[in-house]
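> Residue numbers (my numbering), protein chains in the order written: chain A, 179 to 402; chain B, 179 to 402; chain C, 179 to 402; chain D, 179 to 402; chain E, 179 to 402; chain F, 179 to 402.
Treat the hints with caution; some may be incorrect.
Pairs involving identical chains hold if they fit within one copy or between any two copies, as the list cannot separate such chains.
[Unchecked claim] Listed below are the simulated DSSO-like cross-link pairs for lysine-lysine, each with C-alpha atoms no more than 30 Å apart in a straight line:
#: 1; residue 1: K401; residue 2: K350
#: 2; residue 1: K257; residue 2: K180
#: 3; residue 1: K257; residue 2: K202
#: 4; residue 1: K241; residue 2: K401
Bear in mind the hints are in silico, worked out from the structure with no lab data behind them. If you're wondering where the values come from, they're calculated on a predicted model, not measured in any experiment.
6 protein chains.
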Amino acid sequence: MKKVIVISAHPDDEVLGAGGTILKHSAQGDQVFWLITTNITEPDGFTVEMVSERQEEIKEVEKILGIQKTYLLNYPTMKLDSRIVNEMVPRISEIFKEVEPEIIYCLNRSDAHSDHRYTFDAVMSCTKSFRYSYLKQVLLYECISETEFAPALPEKVFLPNYYVDISNFIEKKLEAMNIYASELGEHPFPRSERNIKALATYRGAIAGVEYAEAFQLIKFIDKE
Amino acid sequence: MKKVIVISAHPDDEVLGAGGTILKHSAQGDQVFWLITTNITEPDGFTVEMVSERQEEIKEVEKILGIQKTYLLNYPTMKLDSRIVNEMVPRISEIFKEVEPEIIYCLNRSDAHSDHRYTFDAVMSCTKSFRYSYLKQVLLYECISETEFAPALPEKVFLPNYYVDISNFIEKKLEAMNIYASELGEHPFPRSERNIKALATYRGAIAGVEYAEAFQLIKFIDKE
Amino acid sequence: MKKVIVISAHPDDEVLGAGGTILKHSAQGDQVFWLITTNITEPDGFTVEMVSERQEEIKEVEKILGIQKTYLLNYPTMKLDSRIVNEMVPRISEIFKEVEPEIIYCLNRSDAHSDHRYTFDAVMSCTKSFRYSYLKQVLLYECISETEFAPALPEKVFLPNYYVDISNFIEKKLEAMNIYASELGEHPFPRSERNIKALATYRGAIAGVEYAEAFQLIKFIDKE
Amino acid sequence: MKKVIVISAHPDDEVLGAGGTILKHSAQGDQVFWLITTNITEPDGFTVEMVSERQEEIKEVEKILGIQKTYLLNYPTMKLDSRIVNEMVPRISEIFKEVEPEIIYCLNRSDAHSDHRYTFDAVMSCTKSFRYSYLKQVLLYECISETEFAPALPEKVFLPNYYVDISNFIEKKLEAMNIYASELGEHPFPRSERNIKALATYRGAIAGVEYAEAFQLIKFIDKE
Amino acid sequence: MKKVIVISAHPDDEVLGAGGTILKHSAQGDQVFWLITTNITEPDGFTVEMVSERQEEIKEVEKILGIQKTYLLNYPTMKLDSRIVNEMVPRISEIFKEVEPEIIYCLNRSDAHSDHRYTFDAVMSCTKSFRYSYLKQVLLYECISETEFAPALPEKVFLPNYYVDISNFIEKKLEAMNIYASELGEHPFPRSERNIKALATYRGAIAGVEYAEAFQLIKFIDKE
Amino acid sequence: MKKVIVISAHPDDEVLGAGGTILKHSAQGDQVFWLITTNITEPDGFTVEMVSERQEEIKEVEKILGIQKTYLLNYPTMKLDSRIVNEMVPRISEIFKEVEPEIIYCLNRSDAHSDHRYTFDAVMSCTKSFRYSYLKQVLLYECISETEFAPALPEKVFLPNYYVDISNFIEKKLEAMNIYASELGEHPFPRSERNIKALATYRGAIAGVEYAEAFQLIKFIDKE
């Protein structure tokens, strides 16, 4: 049994990027935790309905993915910045000390959305082996509609080196994604069933399986 | 009317990587030339049938793609090396001087197959603006089963920055690919219809179209 | 007729980096828009004269370059930060929705001045193809006295891959630059006529023309 | 006689990263200045004792290293952000104008601690040759427990190209480090005597000397 | 039980770079294979004694490391080139098909010695998932006296992201290294006991263990 | 007095890339050596006149630059390859052991001409500190018509971090270049007086001097 935490800036990141892998963890009896750094609120211009619907979606996704516990930092969406990162670090540190995760699935550092990049920065501040000795793996996931929309610059390239066979979990991943109905659209809108399957097919062919999710591993410690 | 040349190490590279874009050029009345650096021969262990079938395939693909003229360098396949690059450079230079291409579609420099990489090296030696003044664009294409199998190293990343809408040409691209029947397989074998469509779908969503081919532009000169 | 927008953090960036290219667009009948993210103000320690002179300079440059319309975000100069980026994004988004630019000439992401880098970040948030479907090209320009003063680190390299012949526009570019008299100096001060011509000569030799401006293309979508 | 300035975000950075090299400068009769961007304060939760002890440590380290003068910016530790960078720039600029340093030893831009990264950004804004004409060298140092804990991403790699033989100064470097007793621990805690010596040994073998410190040179101007 | 293969260009590479990790595999009951691409011969100027001693050393190291079987390609040392790579590929392919390794420990692609780099190229040609479906991990190891002597260029950086605790195997690793007596020297000669321990200490502090070996993981496939 | 060696693949590289800096060394009383890896010969299609003229040019340039001794490896021009690199390494090693250079000015590893790249590879094999203990600096120079014509790929970027004021030597550098009359042309041909001066002006403005040459320092060892 492993303890695993997946990080979202906005709910749906985790399904798009690591949904199949999380489902696989749950199926293997691992404990999966979820940390979401932002939320939508009325003061930020979202209606009561949208806010409450979002909280409902989170609950439903928790159930499908088999999430043990969800941590909400509740920063206003689209407003993370470098000052807030300094605020987030001790809070994320507390959560990691409570969860003691062995594996972190984190947002990619060069995603188009700045909330993703600041969340990455904050999480990275909580990965030093001498403070978080239980930590064995840190992986960045690719989040459709964000990772591939990073500016085409060499320092922002997502470079996958880690593939997970999710052939048995693709349908359930799509089911989870459908909970976030308002985030989905029709191809060529990037967050579509068709595009999610296309990417999983392409990544699958690299790994020699039907469907795969791809990650960029940035830390692996073999301690046994 | 533009003059365009596409470079293959092995026939099928050009269809996999730039087939839709070539078809689009032909449809727009551009003149397309084809340069293939290697060939299969009996001394290298291929049967008479395989050798003659390959030459047939080249002819059929020429027809579908609307190739004006094909240049065969006929080096033995899987044997390009640094000495042969030195031999190839003056031959490619001659061809460019004959064709006077405005656009080059070249193999990516970090593809898994060394024939691709040595072909790239030889072609690059023939792109200096002061020797080839008609040259306005150099693009690297991504070749399924080679580009995504480069070792996951930062200096080998294919970094697409140029997308071509091939929605109207995807069917004809697949038709062209089917001529190379022996090179195709079933998913998760990477050279499959399903995977070709998956990649074109994923690239399409980035470009906002149904199907796209992606390139890495490394030279563009606006001279008009 | 194309619609084009050029982004400055401080007036003069656009002339230094893309002045010749903008003049060429205007000469070809394209519509050119200008977006400036900062401004100088009295509360920030500039005199009434400096402030009003700057607004005059902007008007004169508009005329020379043939700018259709200028958008001023008026953030205090030398004070852009990550919080302000979040504020700028919706404002830039509105402007893009009004202008519907096909081509963006943007500041380079690694320029020495942080105002340039934060402006880049804000602009990039407004380039997703599924939100800004008219967008076909995104180019970063090199701004003398900023781009070449980035720290010599691989992730900050300006890597030109796109050259525009500005031989017919170099004199008018220098004329436009002379409007910003207070920003110019004598060589080896980087913003000098001599240095501007030297760089245009060097870039010209790469492109095979007398004078050129160099850009880093990061997005090109061929949709026709 | 050269004038040299070493930059710390937190006292002990300078000893860990450049202690031997500073001692060598002092031994050679060079003038060494020290700039520390943050400090600990009671409002930030540190006890009176910790705060006064830290100021004592700074004084003792000054003596051992032979520091001419120390500049304290006194920003709260662990709270530097992009807005504070804008504040720091003119203050650092003033200090550089007073000191007129020939060589800057600066924190690495990709260290794990964000205070290091923001300090780097602020210092870099004060290195343009046309404003700071006395400046001849800019070097980034590697700070044990920060530099090697940067996320394993290509754009964050510390790439040493400059080695200083500190064989005659290793003992005094360790003596200086021992002043910061609270910052040291037992191996495998990274800030240990054993690890400091291990790294200096490994860097020494690259340089062909017993002990060395490694730097990434990002600017060198030979003006004589 | 896993099947593992370690690649050397010259005997001693495997001990320097992955000796502790191999010992750990053997201790865990995994099957370890060894592939050496070059050898020393009399025609190349080595004495009979040197040649036979080297073969003896290989046998002794096999015993200590618990090697199942060793494959010798016997190319002359210091003479690998691009033509020989083409020759090596089918031979390495045959060996992989016989061994069916799950994990490959390969030389780093940017090591100072060209034999290392050509060996890397040849091995990479045998890692495609659709040809070698049993392959789950490809790791590059760092080889003291070669990896850290690569030219300091960004495209040649060894970027460790995978650490193995070898605290229980460091003594036996040194014992194995001592078999290659002629390759060892005194510090600051890089291949010394002192430097091997220094590097393992430094890598250990990153991983939070006493001694570690560091690798750059370039492929991981989770297929279960 | 320092001993310095400059490496050319073809005579004129050294003047284009480092002519001013070499002149400065000579003026400061340093001993400068010159190593040229290729030559032109009659069997390779050059006329007797061209061959003898080239040897004359070398002699004249030696005189102007103040070269102590020139080493000719005499490999046929445009034919260096990976096998020849293996041959060159021991020959270059012998020369370095004879000269005992403190500083190496070497061709850039990504220049367009493959002779430049293979020369770089061979030279790099002779820079290990434990074999060449007198070596303190390794610098790559930028060679007009080759360095700026490398394909626009991140792994091939020339990244200058080291500038030498050559204001007092620019005229003599041009005089030296004029000896190679057949290699010079009119702008926009890249090897023109106008372009050489333009680049030196642009590099000068970065360094704060009238004319400068730029280098990429890849090794510096401070041993005193």
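> Please go over all the hints and tell whether each is borne out by the structure.
Now for the hints, and whether the structure bears them out:
Taking CA atoms no more than 30 Å apart as the test, K401 paired with K350 passes between copies only; the shortest distance there is 18 Å, against 33 Å inside one copy. In this homomeric assembly, K257 and K180 never come within 30 Å of each other (Cα to Cα): the closest approach is 33 Å inside a single copy and 34 Å across copies. In this assembly of identical chains, the alpha carbons of K257 and K202 never lie at most 30 Å apart, being 33 Å within a copy and 39 Å across copies at closest. For the homomeric pair K241 and K401, the shortest alpha-carbon distance between copies (25 Å) is at most 30 Å, but the shortest distance inside one copy (32 Å) is not.
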